[in-house]
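**Student:** Residues per chain are reported as follows:
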Amino acid sequence: MRKQIISLVVLVVALGAAWLFWRTHRSTGVPVAMREHGVQNGSTTKLVGDVNEKAATSQVQPAPSPPLGVSGATADSDKRYLDSVAPLYARPLSFYGKVVDERGKPVEGASVRYSINNNPDPTKTGTRGELRSDSNGDFTISDRGLGIYIEVSKEGYHRVPNDENAPASQRTFANHEKRSDTTAPMPTENDRALFVLRKAGKAAPLVHVRKTSIRVPKDGTPTEIDLSTGKVVAAGAGNLRVEVWTLNQGINPNRGQPYDWECRVSVLDGGLMERTEQFAFEAPENGYRASFEAGMAKDAARWRDGTERDFFVRLADGRFARVSLGVITGGDHFIVFESWVNPKPGDRNLEFNPKQAHAGL
Amino acid sequence: MLTTRHTTEVAQVTPPTMVVSDLIPGTGHTVKVRAIDWFENSSAWSATTSVSTPLTGPEPLQAPRWADVNNDGLKDEIFGANTGLISSSIVDYSYDTVSYSTWTSDFQVMSWFTFDEGLSWFVTGWSVPEEQETTEIINTVLPVFHFMAEEHYDYAVCRAVTDPLGNTAYYRIGYYESLERPGGIQQWQPSSFWPEDAFYMFPTVAARIAKPIGATQITVPGGAVFNVGVGGMAGTITLPEGIELSVDPTGAVAIAGVPGTTGVPLGGSINLAGGIVVSASVAGGRIAFPGGAAIGIGADGRITLELPSGTNPALAQAVDTVGNLLQTGAGAVISVREVIDAINGIFGPVIQLPTAGPLDAVDLGITAGGVWQLGVTHSDGPTQWFAIVQPPEPQIAVDANRDGTIEFGPNDGTSEQAPYRFWLNDDDDVDDDDPDDAENAPVSSADWLDDKIDGIRDLEDFARLKINLSGIADAVRQGQMRIALEWKGAPGYTGAPGIKLWRNLSPNGGTEYLSDVNVARQHLALREPGTIQGALRYVIPTQYWTDVGLSASQPYGNLLFEGTSAGKDQLVIKLLNADGAEIGEGGGVWLELKNIKSMYERVKATANGAEDLPFPYNYVGTSSVPSPTMGWSPDPAGYAFEPAQGETQTYIVAVHGWNQTYERSVMYAETMFKRLWHRGYKGRFVGFRWPTFTGLSSYNDSEYRAWKCGVSLKQYLSSLPSGYTVNLVAHSMGNIVVGSALEKGAAVANYALLNAAVPAICYDTSGTVVQTGWGYVTPNDDPDSATVALSYQGRLANVSGNLVNFFLPADSALSAWEINNDSPDGGRYPVAGARPHQWPEGSINAGYRYQRTAPAGQKLRVVRVAGERILSSADEAMGFAVQAPSLTVGADGRTRGAIDEWVDMSTYGFGSVHSAEFLFSIQQTREFYAELLLKLRVTTQP
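Residue numbers (numbering that gives the first Met the number 0), protein chains in the order written: chain L, 0 to 360; chain C, 0 to 941.
Please note that a few of the clues may not be correct.
Quick list of in silico lysine-lysine cross-link-like pairs, DSBU-like style, CA-CA up to 30 Å [stated by the list, open to error]:
| # | chain 1 | residue 1 | chain 2 | residue 2 |
| --- | --- | --- | --- | --- |
| 1 | C | Lys681 | L | Lys217 |
| 2 | C | Lys487 | C | Lys573 |
| 3 | L | Lys210 | L | Lys78 |
| 4 | L | Lys78 | L | Lys177 |
| 5 | C | Lys681 | C | Lys499 |
| 6 | L | Lys123 | C | Lys451 |
| 7 | C | Lys681 | L | Lys230 |
| 8 | L | Lys217 | L | Lys230 |
| 9 | L | Lys210 | C | Lys681 |
| 10 | C | Lys451 | C | Lys499 |
| 11 | L | Lys297 | C | Lys31 |
Simulated from the structure, these hints should not be mistaken for lab results.
In this text the structure is predicted, and so the values were computed from the model without any measurement.
Using the sequences and the hints, build the whole thing.
**Tutor:** Listed below in structure tokens is the structure:
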């Protein structure tokens, strides 16, 4: 008992001294941390550690109560953070989805890949998984989390890109009320979220040249490409000719200064036509032009250093192709293109299935 | 005597003709005719006409050029532009006037020289019998030697001679054969050294049809003078430059007039056009060709053929074999088939005999292109020529120019000065599909230490090797020959490089191991790699060649290697026989293996010359917070940056995000560097380190630092050498650092924002990205301009450069950003710790305040028990006090304003994984990195 009394007296005295010390210094205008470090007013302060993370996690904390997140994280503050946000990530999540084709017909057996935002540690990933839609195109996911991202796919179908006004093949959903504009509300069993796949047509055995980039001259010297190989060939031996004129000589590329540039894309003894619909796979029979030209004046309102376009192409020998072409006048000054060529003259089908790719010519 | 018995009517004019056959070849005949009528009245005989039947024998094996150049009635072979059987080393022939006496020997062994004008002359010695002198215009000529099969002999060296009537005869060399020339001169003398020497002499044997006697002087265009002394065995060539080449009667060659040798018959050498070096001394002569081959003439008259260093040993063996066979002499019984079989036995079936049965003749020759040929002649058919082609030596190559294709040629050539650089596999990839466990940083155990591939992520630390065994594929597949790889220890090597070899299971040895998950996974079952370290060579198992279907049409072996120790050397192919004995060396490739940290640069932000920044909320009751001087410093970490040969003048500076330990930020940088490198990027890469905190509750502290460190980044970018295009890539909160630098005027060409943890309203002030449904009241739209100036609103709307937003709509970490951005009271999320940054302190809620109703310029403040302070720094305000009414740029693909382009990363399958570009394997991110390069205006391989 005597020892307990002595301890209590010591504690009271210590607390009193601490209170007096605080009262004495609280209005001096001296930074809190300086006082805590005993640094004299006006001297250089060195309050935190260096960039090494050992220092970041071993900072001297301001009294009296280390606030959440103050002076870098500590194990305690991290725990409090996790405890605080954990309930958010533990919300019950029931997701009801349905996969349909472009006509609204259910798609059975579609792959449904999902990732759930249920890991309170933002540096880690949440639950990820994959399942299949049933005969009605329906699928259900039950878990816990703050949100969920879903994407669907199936062989023989094209995925539909995001569109604010129409269902697509992928979407993010928020499992709370005040979602952002870019997320969708959680669906219900009676009002399932729709995911759309577009049924692919009959693919032709196309020669596919993967996306590739080729440097081109700046002075308009033609670059000819064989669309069936993606290789640059001698003048007269190719079927796509690109000419670029770029007046950026002497311009510091790091200053963002605009400059004049022009380009011309020609199909030798054939023609090309801009392709604007993503799922347009049949080349038109007529309406081709010999060349396409684009450019930017240096004083253009929204100047860019290049352009990217999709084209249907009719080759001199009657073959048809589609080409994604980009002309980039900055940096390495190059074109980037990808092509799909139907090797059968007159066949305008440009629907592609990688498993049925033509071996090339 | 023949008569024609045909009669004709007087009025008929059809000329009577008759063919007489079955005459003896090589015989002469006379013909005369007379006419007999129906009444057997006979006319007188006509005058006699002489005719000869042609000699029989094989036709010339390859049409030589014939002409009677000295008017002696015999056609002589002429060498010159069309010397199909003779070495291309013959430059020209020329006419000149010499005196000769008689035919004593047609052939002489000569060294030859080429003068400036390209003329060739032959220096030799010969004996001159005392015969009558005469003068003729002659050619220097070169014979065509025919190796012919004859009865009793399997071969003989013969020369074709055509008589004045155009008949061709073939004469053995080395056996007495006489031919009476007009004037009774005997043409051929017995010669003991034929034919074996003839074989060796091909490149340098010349022949004359006459021999000079007495002193002769020849002056040729260009001013050179050729003197042949009396007695034959001496001669000189005087060049216009005053250099004199002489041959004494013993055959010794001396050069005078060359500095250091004047007057001293020491011999010497002459450098000819095309890199040919001719040298001679009393010990003999030598002609060295640029490729390393040489022909030597010993003092004993023997000719030697020196093959280039590294010549396929099979060829050398073949030459020896054939040479030995031929050297057995004319008296030996050697079948042609035996020769051919010997060649085929070494090279494989390089000589396909057209039909079975005995051969009549075989010619050995060299084309003008220097290709040895074997001509096979049957009695009933024309000669067929077969090139004896040296099998190309085995080659090894890497994708040195990183265009995605390995070529055996200069495009993918390496050298000591420009080796193929690759990094050691000393990181610590984890064989786990969970991206959270992708790679350990710091490293606990380097990947190369175990004899397995640590997950498909590990494959980014492997590079390709391709071996070309054209010409010996069958022998290797069948185990008759084996292939080993070893370090050569070539001049210029450094360190002690080491690699482990693995199979490349990609189709055709391609890059699918880096791009196709399924192909990559096949590699995980591989074990027992080959080790090449120091003197330890690796013999590729024959089974490997069987497995890859090695054949003449598929002569390639495709391998992967990982670096195990640093150094530079040439990795070469060694050829072994079936017993493992080394029989030669193939091609090589220069490799330089190094710690990856010397292949890219690292720099770090500093404050006050160190790395410290104050916590601003610890300063209350005062008007300001100490502002350290920001800077940067290199961070070599023991590995100074070494620029690569042929680098492009491009920088990509990568800035990491929040919550990164030093080791982890380095790992992220190296992951990005590796993946860009594999896609062909050849410019410089920099990892920029800034002092983020780690720990989940350190976000606001870190953002404050990020804004501060923009100064450091700007300073660093300004220090980069001129002429380089500067590109930036930042991840997550690293985009705050970059935004701060851009705001302060940093100049860059292109900037890729990856998962940018920057409020969209910083760049886009159109209102499109404002989330009105959140109901936030923030400083960003405060009527007080001083308050807005401390907010995010439009802060980066006018930065320059080409900005590309790589966004991920479902990004889980940016979702957590939304929580942190929330207001603790009345916000969307019922959690503490959100913005404004506050915490319980004593009896109050200490921390930052935004009071919209407060006086202008005083709406943002930090309040603590000890006092308070009005905020005047945007860095502090944005770090702790200001909420954003928008999503981040990285979560909202609608962000425009200063953003020029946008890429939805969900198309790469990144889902909601915030750091997928670092945590997913290279196979899963390959298309992303290709697009990243293109958006940075850098070309990429297909």
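**Student:** Identify every previously stated hint that the structure contradicts and give their numbers, smallest first.
**Tutor:** 3, 11
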